[in-house]
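Engineer: Take a look at the letters that make up each chain.
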Amino acid sequence: MVLCTTPFEVTARNIARVLGLPDYPFLTVQHPIGSCTLPELKARAQVAYKQALPILMQA
Amino acid sequence: MQLYSPLSTTPKRKAVRAPALGSIDGLRIGILENGKLNAEEMLNEVAALFVQHHGCTVRTLASKKNASAPAPSNTLVQVAQEVDFLITGLGD
Amino acid sequence: MSTTASFRTHEVPDDLLAAIDYCYDQGWTDGLPVVPPVVDRVKAMLAADSRPADTVIARHPATGLDLSLHAAAVNAVMAGCLPEYFPVVVAAFEAMDKPDFNFHGSTASTGGSAPLVIVSGPYADEIGMNADVNLFGPGNRANGTIGRATRLILRNVFQMLPGISDKSTQGNPGKYSFCIAERARGNPWPPLCEAQGYPKGTSSVTVYAGGGFCNVENHGGNTPEQILSSVADAMANYGCITLGQAVVILAPEHMQIVAGAGWTREKAQAYLFTQAKRSVDGMKSVGKYRDREYDTQHGEGAHALAEAGFMHRGLTPDDILITMGGGDAGGHSCFIPSWSRGRGSIMQHSAIRAPDK
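Residue numbers (my numbering), protein chains in the order written: chain A, 1 to 59; chain B, 1 to 92; chain C, 1 to 357.
Bear in mind the hints are in silico, worked out from the structure with no lab data behind them.
Since we're looking at a predicted model, the values are computed, not measured.
Ideal placement from N, C-alpha and C gives every residue a C-beta, glycine not left out.
There could be a bad hint or two in this list.
[Said to hold, decoys possible] Listed below are the simulated DMTMM-like cross-link pairs for lysine to aspartate or glutamate, each with C-alpha atoms no more than 20 Å apart in a straight line:
id, chain 1, residue 1, chain 2, residue 2
1, B, Lys-36, C, Asp-291
2, A, Lys-42, B, Glu-33
3, B, Lys-36, C, Asp-295
4, B, Lys-12, C, Asp-54
5, B, Lys-36, A, Glu-40
6, B, Lys-36, C, Asp-66
7, A, Lys-50, B, Glu-45
8, B, Lys-12, C, Asp-66
9, B, Lys-36, A, Asp-23
10, B, Lys-14, A, Asp-23
11, A, Lys-42, B, Glu-41
12, B, Lys-12, A, Glu-40
13, A, Lys-50, B, Asp-25
14, A, Lys-42, B, Asp-84
15, B, Lys-36, C, Asp-100
16, A, Lys-50, B, Glu-41
17, B, Lys-14, C, Asp-66
18, A, Lys-50, B, Glu-82
[Said to hold, decoys possible] If you want the footprint, here are the derived chain A segments under chain C, 3+ residues with CB under 8 Å:
id, region
19, 3–10
20, 15–21
[Said to hold, decoys possible] Pair ranges (Cβ atoms, derived):
id, chain 1, residue 1, chain 2, residue 2, range
21, B, Ala-80, C, Gln-26, 53 to 61 Å
22, B, Ala-80, C, Asn-215, 48 to 56 Å
23, B, Gly-35, C, Leu-16, 31 to 39 Å
24, C, Asn-215, B, His-53, 54 to 62 Å
25, C, Leu-32, B, Glu-41, 22 to 30 Å
26, B, Ala-48, C, Pro-52, 49 to 57 Å
27, B, Ala-48, C, Lys-43, 55 to 63 Å
28, A, Gln-30, C, Lys-267, 48 to 56 Å
29, C, Lys-267, B, Ala-48, 53 to 61 Å
30, A, Leu-21, C, Ser-285, 32 to 40 Å
31, A, Leu-21, C, Gln-26, 21 to 29 Å
Given only the sequences and the hints, what does the whole structure look like? Please build it.
Structural biologist: Given below as structure tokens:
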């Protein structure tokens with residue numbers, strides 16, 4: 001599972017295309033991460049977790 | 001007139017996704033963090049939710065020495081043998 | 001589109017302006033018009049390197065994409081290079097291909113660096129490069145197009161697309177072209193190619209992930225300490241100070257003062273390293289102090305000139321490349337900061353394979 005923040009969504013899509021998986025689904029959360037407090041990280045983790053479940057279970 | 005393409009002459013790659021998981025309960029999660037600020041913490045928080053809700057275990061913690069380089073293949077090979085799925089980050 | 005011996009071609013109307021527009025429409029340009037890469041011009045460019053056209057000269061670990069001589073030649077034509085410039089473009093990528101340069105990271109980063117290409121040795125003069133007035137541009141075809149070819153290759157071959165895979169927060173004018181020649185005329189110090197250990201007569205390309213350009217003006221100083229202290233201050237400004245490397249290009253007026261007092265390159269490097277520093281308290285006051293970085297600089301293997309209680313720029317005086325360039329008049333030297341927050345890219349060099357005469 002690849003996690004990125006919203007400004008890097010286009011980056012993730014581009015690298016997935018170049019690596020031969022143009023429709024690769026990844027997790028996207030609010031930017032930034034580097035300056036987040038722990039509560040902010042936990043909130044973002046919840047968002048990522050909810051996105052991850054259907055991706056892991058889908059073919 | 002004929003123009004040469006300026007793109008790479010490397011043949012296009014095709015890859016396939018890993019098959020879907022039948023169930024998440026009790027699976028082993030690997031974390032690969034890229035050394036950026038709060039990367040390890042963020043990925044740990046995501047993994048913690050899988051531990052809490054599905055009884056997953058965090059089996060491996062690996063770090064990329066260089067955030068902008070691909071993970072070394074020996075890192076990936078080792079991690080792939082020990083986990084059922086991996087969580088990693090891209091960008092800042 | 002058709003495939004000829006694995007090198008793809010595009011058929012376009014026989015109209016030059018339409019071909020220029022076609023290149024724009026394909027997304028092949030840096031925002032400026034390119035020279036359409038017609039087959040004959042690419043073949044003439046390739047003739048400047050005797051190796052087969054499918055020879056790989058650089059690899060991109062992040063994507064698995066390779067740079068062949070053919071693709072380099074196509075982009076060099078588009079940039080406006082003459083065939084005699086091609087060996088410099090090739091040497092630049094052979095240097096950038098060394099893992100410690102990390103051309104992916106330095107290009108993709110929000111930090112916004114561009115590879116500075118420094119050509120040293122007789123080949124610079126042979127192809128008419130500029131080491132003099134307007135060193136960093138504009139005006140010289142060789143400087144401008146070699147730098148531009150480097151950028152077009154990063155974009156077209158390695159898909160480092162601005163806004164998509166090149167996430168530089170503010171960009172950098174050097175991302176259009178960033179290429180100079182080291183000035184040989186009147187330079188009292190050994191040229192870089194000699195200092196790098198190449199045999200006499202061999203020219204070199206040095207590549208450095210440059211984060212910007214800082215003009216260092218000093219018209220009143222008349223001692224080496226005064227001139228170099230103003231350079232050191234630029235190197236240590238809070239916006240730039242990191243453990244990374246530095247490039248300093250001394251104007252001839254400033255070099256006359258420094259070398260005129262008998263200072264060697266090594267003495268200038270040591271002085272700059274000693275002076276380019278900020279106190280730990282100062283670094284903390286702006287939120288840039290990191291224990292790990294201080295320990296790296298002052299722990300085992302620390303350089304003797306690293307002063308306790310201070311963060312210096314770089315780890316050793318050898319992290320500072322210093323040479324001469326620019327016009328005879330003007331007390332304007334420059335400092336080029338390294339990419340982003342640390343030592344993610346280390347400058348590299350490679351020999352230029354000059355074509356057989």
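Engineer: Taking the hints in turn, state whether each one holds.
Structural biologist: Quick rundown of the hints versus the structure:
no. : hint                                : in the structure
1   : B/Lys-36 with C/Asp-291             : holds, 16 Å
2   : A/Lys-42 with B/Glu-33              : holds, 17 Å
3   : B/Lys-36 with C/Asp-295             : holds, 19 Å
4   : B/Lys-12 with C/Asp-54              : holds, 16 Å
5   : B/Lys-36 with A/Glu-40              : holds, 17 Å
6   : B/Lys-36 with C/Asp-66              : violated, 27 Å
7   : A/Lys-50 with B/Glu-45              : holds, 13 Å
8   : B/Lys-12 with C/Asp-66              : holds, 11 Å
9   : B/Lys-36 with A/Asp-23              : violated, 26 Å
10  : B/Lys-14 with A/Asp-23              : holds, 12 Å
11  : A/Lys-42 with B/Glu-41              : holds, 9 Å
12  : B/Lys-12 with A/Glu-40              : violated, 40 Å
13  : A/Lys-50 with B/Asp-25              : holds, 15 Å
14  : A/Lys-42 with B/Asp-84              : violated, 23 Å
15  : B/Lys-36 with C/Asp-100             : holds, 19 Å
16  : A/Lys-50 with B/Glu-41              : holds, 18 Å
17  : B/Lys-14 with C/Asp-66              : holds, 16 Å
18  : A/Lys-50 with B/Glu-82              : violated, 24 Å
19  : 3–10                                : holds (count 3)
20  : 15–21                               : holds (count 3)
21  : B/Ala-80 with C/Gln-26: 53 to 61 Å  : violated, 38 Å
22  : B/Ala-80 with C/Asn-215: 48 to 56 Å : holds, 51 Å
23  : B/Gly-35 with C/Leu-16: 31 to 39 Å  : violated, 49 Å
24  : C/Asn-215 with B/His-53: 54 to 62 Å : holds, 57 Å
25  : C/Leu-32 with B/Glu-41: 22 to 30 Å  : violated, 43 Å
26  : B/Ala-48 with C/Pro-52: 49 to 57 Å  : holds, 54 Å
27  : B/Ala-48 with C/Lys-43: 55 to 63 Å  : holds, 60 Å
28  : A/Gln-30 with C/Lys-267: 48 to 56 Å : holds, 51 Å
29  : C/Lys-267 with B/Ala-48: 53 to 61 Å : holds, 56 Å
30  : A/Leu-21 with C/Ser-285: 32 to 40 Å : violated, 46 Å
31  : A/Leu-21 with C/Gln-26: 21 to 29 Å  : holds, 24 Å
Of the hints listed earlier, those the structure fails to meet are numbers 6, 9, 12, 14, 18, 21, 23, 25 and 30, in rising order.
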